[in-house]
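K.L.:
Based on the sequences and whatever the hints tell you, model everything.
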Amino acid sequence: MDELGHQGQTRVDIRGLWVRFGAVAAVRGIDLTAGAGRATALLGRNGAGKSTTMRVLAGVIPPTEGYVVVDGIDVSRDPLAVKRLTGYCPDVGGLVPRATPWEHLQLAARLRRLENWESRAHDLLERFDLGDAAHRVTSGFSHGMGRRLSVVLATFHDPSVLLLDEPFDGVDPLGVEATLEVIADARARGAAVLVSTHLRDLAMQSCENALVLRGGSSVAELRAHELVGEEGAGVYRALLD
Amino acid sequence: MSTALSWTELRSSHSDLGSLLAFRRSGLTDTSRRRMRVAGAVVLLLTVAAIVAPAYLGGPLPRERGGQLLALLPSMCLGFLVLSAFTAVASAGGREVLPRDQAVAFPVSTTTDHLGALILAPLNIAWMAQAWTLLGVTAYAAGPDRLWAYELPILLWVLVATVLAQVIGWIAEGVRRGPHGIATLRAVVVLLVLGTSILLMTHQLTSALDRSPTNLLLDMVLDGQTGRWLPWAGGVGVLVVLGLVAAVLGALPARWALHRPMREELRLESGRHQARTMPRSDFMMMLRIDRAAIWRSVPLRRGLMVLALMPGAVALAGDLEWQMLTILPGLVASGGALLFGVNTWCLDGRGALWRDSLPVSPRVVFASRAVVLLEVLLCTAAATLILAAVRAGRPTTPEVVALICSTLVVSVQVVAAGMRWSIARPFSVDLRSARATPAPPVVMAGYSARLALVTTVTGLIFSGLATVEDVRYSVALTVILLIWSCWRLERSAQRWQDPVVRSRVIATVAG
Numbered sequence: 015m016d017e018l019g020h021q022g023q024t025r026v027d028i029r030g031l032w033v034r035f036g037a038v039a040a041v042r043g044i045d046l047t048a049g050a051g052r053a054t055a056l057l058g059r060n061g062a063g064k065s066t067t068m069r070v071l072a073g074v075i076p077p078t079e080g081y082v083v084v085d086g087i088d089v090s091r092d093p094l095a096v097k098r099l100t101g102y103c104p105d106v107g108g109l110v111p112r113a114t115p116w117e118h119l120q121l122a123a124r125l126r127r128l129e130n131w132e133s134r135a136h137d138l139l140e141r142f143d144l145g146d147a148a149h150r151v152t153s154g155f156s157h158g159m160g161r162r163l164s165v166v167l168a169t170f171h172d173p174s175v176l177l178l179d180e181p182f183d184g185v186d187p188l189g190v191e192a193t194l195e196v197i198a199d200a201r202a203r204g205a206a207v208l209v210s211t212h213l214r215d216l217a218m219q220s221c222e223n224a225l226v227l228r229g230g231s232s233v234a235e236l237r238a239h240e241l242v243g244e245e246g247a248g249v250y251r252a253l254l255d
Numbered sequence: 000m001s002t003a004l005s006w007t008e009l010r011s012s013h014s015d016l017g018s019l020l021a022f023r024r025s026g027l028t029d030t031s032r033r034r035m036r037v038a039g040a041v042v043l044l045l046t047v048a049a050i051v052a053p054a055y056l057g058g059p060l061p062r063e064r065g066g067q068l069l070a071l072l073p074s075m076c077l078g079f080l081v082l083s084a085f086t087a088v089a090s091a092g093g094r095e096v097l098p099r100d101q102a103v104a105f106p107v108s109t110t111t112d113h114l115g116a117l118i119l120a121p122l123n124i125a126w127m128a129q130a131w132t133l134l135g136v137t138a139y140a141a142g143p144d145r146l147w148a149y150e151l152p153i154l155l156w157v158l159v160a161t162v163l164a165q166v167i168g169w170i171a172e173g174v175r176r177g178p179h180g181i182a183t184l185r186a187v188v189v190l191l192v193l194g195t196s197i198l199l200m201t202h203q204l205t206s207a208l209d210r211s212p213t214n215l216l217l218d219m220v221l222d223g224q225t226g227r228w229l230p231w232a233g234g235v236g237v238l239v240v241l242g243l244v245a246a247v248l249g250a251l252p253a254r255w256a257l258h259r260p261m262r263e264e265l266r267l268e269s270g271r272h273q274a275r276t277m278p279r280s281d282f283m284m285m286l287r288i289d290r291a292a293i294w295r296s297v298p299l300r301r302g303l304m305v306l307a308l309m310p311g312a313v314a315l316a317g318d319l320e321w322q323m324l325t326i327l328p329g330l331v332a333s334g335g336a337l338l339f340g341v342n343t344w345c346l347d348g349r350g351a352l353w354r355d356s357l358p359v360s361p362r363v364v365f366a367s368r369a370v371v372l373l374e375v376l377l378c379t380a381a382a383t384l385i386l387a388a389v390r391a392g393r394p395t396t397p398e399v400v401a402l403i404c405s406t407l408v409v410s411v412q413v414v415a416a417g418m419r420w421s422i423a424r425p426f427s428v429d430l431r432s433a434r435a436t437p438a439p440p441v442v443m444a445g446y447s448a449r450l451a452l453v454t455t456v457t458g459l460i461f462s463g464l465a466t467v468e469d470v471r472y473s474v475a476l477t478v479i480l481l482i483w484s485c486w487r488l489e490r491s492a493q494r495w496q497d498p499v500v501r502s503r504v505i506a507t508v509a510g
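Chains as they are written, first to last, in the numbering used here: chain X, 15 to 255; chain G, 0 to 510.
Just to be clear, a hint being listed does not mean it is correct.
Quick list of simulated restraints, FRET-style, between CB atoms [unchecked claim]:
{"id": "1", "chain 1": "G", "residue 1": "273", "chain 2": "X", "residue 2": "94", "range": "37 to 43 Å"}
{"id": "2", "chain 1": "G", "residue 1": "23", "chain 2": "X", "residue 2": "35", "range": "46 to 52 Å"}
{"id": "3", "chain 1": "G", "residue 1": "32", "chain 2": "X", "residue 2": "35", "range": "30 to 36 Å"}
{"id": "4", "chain 1": "G", "residue 1": "36", "chain 2": "X", "residue 2": "137", "range": "56 to 62 Å"}
{"id": "5", "chain 1": "X", "residue 1": "32", "chain 2": "G", "residue 2": "48", "range": "27 to 33 Å"}
{"id": "6", "chain 1": "G", "residue 1": "30", "chain 2": "X", "residue 2": "79", "range": "24 to 30 Å"}
{"id": "7", "chain 1": "G", "residue 1": "500", "chain 2": "X", "residue 2": "88", "range": "18 to 24 Å"}
{"id": "8", "chain 1": "G", "residue 1": "192", "chain 2": "X", "residue 2": "133", "range": "21 to 27 Å"}
{"id": "9", "chain 1": "G", "residue 1": "192", "chain 2": "X", "residue 2": "137", "range": "50 to 56 Å"}
{"id": "10", "chain 1": "X", "residue 1": "234", "chain 2": "G", "residue 2": "121", "range": "54 to 60 Å"}
{"id": "11", "chain 1": "X", "residue 1": "79", "chain 2": "G", "residue 2": "274", "range": "43 to 49 Å"}
{"id": "12", "chain 1": "X", "residue 1": "184", "chain 2": "G", "residue 2": "29", "range": "50 to 56 Å"}
{"id": "13", "chain 1": "X", "residue 1": "195", "chain 2": "G", "residue 2": "121", "range": "55 to 61 Å"}
{"id": "14", "chain 1": "G", "residue 1": "48", "chain 2": "X", "residue 2": "61", "range": "48 to 54 Å"}
Simulated coverage check for chain G against chain X, where a stretch passes if three residues somewhere in it have a Cβ under 8 Å from a Cβ of chain X [to be verified]:
{"id": "15", "region": "264–274"}
{"id": "16", "region": "281–292"}
{"id": "17", "region": "347–359"}
{"id": "18", "region": "496–502"}
These aren't lab readings, by the way, just hints derived from the structure by calculation. We treat Cβ as the ideally placed atom computed from N, Cα and C, and that holds for glycine.
P.N.:
Here it is in structure tokens:
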């Protein structure tokens, strides 16, 4: 199986990542490793640096300092190659307002050189209950529909690193289920998955370990079972203060 | 729904407007505040100069063509009202102090919205230029004696016309939002065009203008100049009352209009577009998405249609000669850039982050955006020129060459400026509402002034070259100016390729 072939391979390697916006440091020396077939949750309060880390991995924001490698490619040296390897669901919006879902998919397929992508696109839209809205402009979408489409776009090309920033935010139970399936599928084919979310329970359901961030730095790396239930909530709460 | 308007509501709206303006001011950096103060001082200085300079430096009295200019004053005052009303209608009632998506969290009444639109109406270079022209022409023709007395009615008229235009703008917006609103408005425009055409063809436009109520303004100017104080004071009083009443009562059509559903916007937001075949290249695919972002946006679609038709229609009515047509492309290009070109990355809205995560060279992305802006400007300029050319007679070769060169140069100039500003000062803007602008109103005023200056000067230079027999002068100047603009465009493209710069722009426009 593909999964077995990739086991143990490091997909994401971050060492000493710093991201500064002028005088403000959004990320302060984060280290993170994510292997093939594994899902890691990024947890933390608002402003902890989760989304900025995701944006760096997606090649959207350049790191100010540090070593960030995705599947062996340094994101500072070749962000375009990194963009080919990753699939990114941004935390805000993520959709071009006056384009349809199909046009989004067509753009992604064109730029990612995908062949015979249509059936996969139809399948994903149906799984996320967006089949009827495939040709509607996205500015009229509800927040949840927008989130679901963002997940579809991130996973559409079977990326080796799947980056989901707040994928469950405002999404109905069926959408959550479809997103959990996408994460499981990605892991099964050997992708590394990073999920940034405030929803601890869902994060623990979909990931095997978690990195807790606070004020731009990592404060703990835990196994999922350590953050489950009432006891896990207490552990998590203590890490946030 | 009650349409009553209480004094308490007016007072609270006045206070709310103050709070909204303070909120907008609080977001400004020290540099922006300094710029605003400088811009305000420049506008004040130019206004004083427009009044004083022609009065004192215009030469001996009576002034040459002074009588002719005074005779034209009522028509110019009427023109100011018409163009102000046109601006208010085109901007769906008027600009917003706080964009719609940001204002939802606050209880902003429609009366506050109306007062805000009134305050923002003068932040527009076309409004200012016309106001300065009215004041300057009057001062030149009437001379330095009793300057304050004859300029006061003109100043008051500028304010009254702005308020009346706002009322017309709200009424038109209310009609537009109603059932069959677009068709009704189009029918009204067609009737107005037909009426003006009939007056033109039957040579009755001048006599119609002579019967304009704005002739009373000329009487007031002459009363002020000659010291007939009683009729002058009566006229000034009427203008003050008219302005105040229109400002207060304007809140009623504003409420009526703003409480109606935004049918056109909702229709476009729920619109369906069938899949098309895959384009041949990445560039064509990017271009397709960028074009969709423009033509599926209500304010952009409406703005471009207005830009394509109105300047041409005015030129048609004014019977402009070929050599003067060289100014029109600059006017249209500046207007087009002000619709979205000065903040062109805002077309991606919140999708900017996702788009930037796609594996495509930033240069292709930049080229697509620059090309889509250029094609929009060239198409609207072409439509304008075709209309304007109908009554301009047969052109000479130098006139045609100068016109083509002028169109090319100003379009590329505007694209270069727009792309530069889009990178230097991005804003997060939702272009869904017909009242939306790509940057805050004060910034838009600055952009419009700079664009108007550059494109008008360029247009005037080509207007002069249209009279020169040897077309090589026009071509040579075009080559020089195009090289200069392309170099600036290339510099912007290089800045866009810098990941730090690009990430700042993307993060800003994505909100």
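K.L.:
Per the hint of 24 to 30 Å, is the separation of the Cβ atoms of residue 30/G and residue 79/X within bounds?
P.N.:
This hint holds: roughly 28 Å between Cβ atoms.
K.L.:
Are there at least three residues in the region 496–502 of chain G whose beta carbon sits under 8 Å from a beta carbon of chain X?
P.N.:
As far as the region 496–502 of chain G goes, the hint holds, because 3 residues have Cβ atoms under 8 Å from chain X.
K.L.:
Residue 79/X and residue 274/G, beta-carbon distance inside 43 to 49 Å?
P.N.:
Given about 44 Å between the Cβ atoms, the range holds.
K.L.:
When you take the CB atoms of residue 23/G and residue 35/X, is the distance between them in 46 to 52 Å?
P.N.:
23 Å, violated
K.L.:
Given the hint of 50 to 56 Å, is the C-beta distance from residue 192/G to residue 137/X inside that range or not?
P.N.:
About 53 Å separates the Cβ atoms of residue 192/G and residue 137/X, which means 50 to 56 Å holds.
K.L.:
For the range 56 to 62 Å, tell me whether the beta carbons of residue 36/G and residue 137/X fit it or not.
P.N.:
59 Å, holds
K.L.:
A range of 48 to 54 Å was offered for this pair. Does it hold for the Cβ distance of residue 48/G and residue 61/X?
P.N.:
Holds - the Cβ-Cβ distance for residue 48/G and residue 61/X, about 50 Å, lies within 48 to 54 Å.
K.L.:
That 55 to 61 Å hint for residue 195/X and residue 121/G (C-beta), does it hold up?
P.N.:
The hint (55 to 61 Å, Cβ to Cβ) holds, given that residue 195/X and residue 121/G are roughly 57 Å apart.
K.L.:
Could you say whether the range 37 to 43 Å given as a hint is met by the Cβ separation of residue 273/G and residue 94/X?
P.N.:
At roughly 32 Å between Cβ atoms, residue 94/X and residue 273/G fall outside 37 to 43 Å, so the hint is violated.
K.L.:
Can you tell me if the region 264–274 of chain G counts as covered by chain X, using C-beta to C-beta distances under 8 Å and a minimum of three residues?
P.N.:
Per the Cβ count (9), the hint holds.
K.L.:
Cβ-Cβ distance between residue 184/X and residue 29/G: within 50 to 56 Å?
P.N.:
38 Å, violated
K.L.:
State whether the coverage of the region 347–359 of chain G by chain X holds or is violated, taking the criterion as 3 or more residues with Cβ-Cβ distances under 8 Å.
P.N.:
Holds, because 12 residues of the region 347–359 of chain G bring their Cβ atoms closer than 8 Å to Cβ atoms of chain X.
Of the numbered hints given earlier, the model fails hints 1, 2, 3, 5, 8, 12; all others are met.
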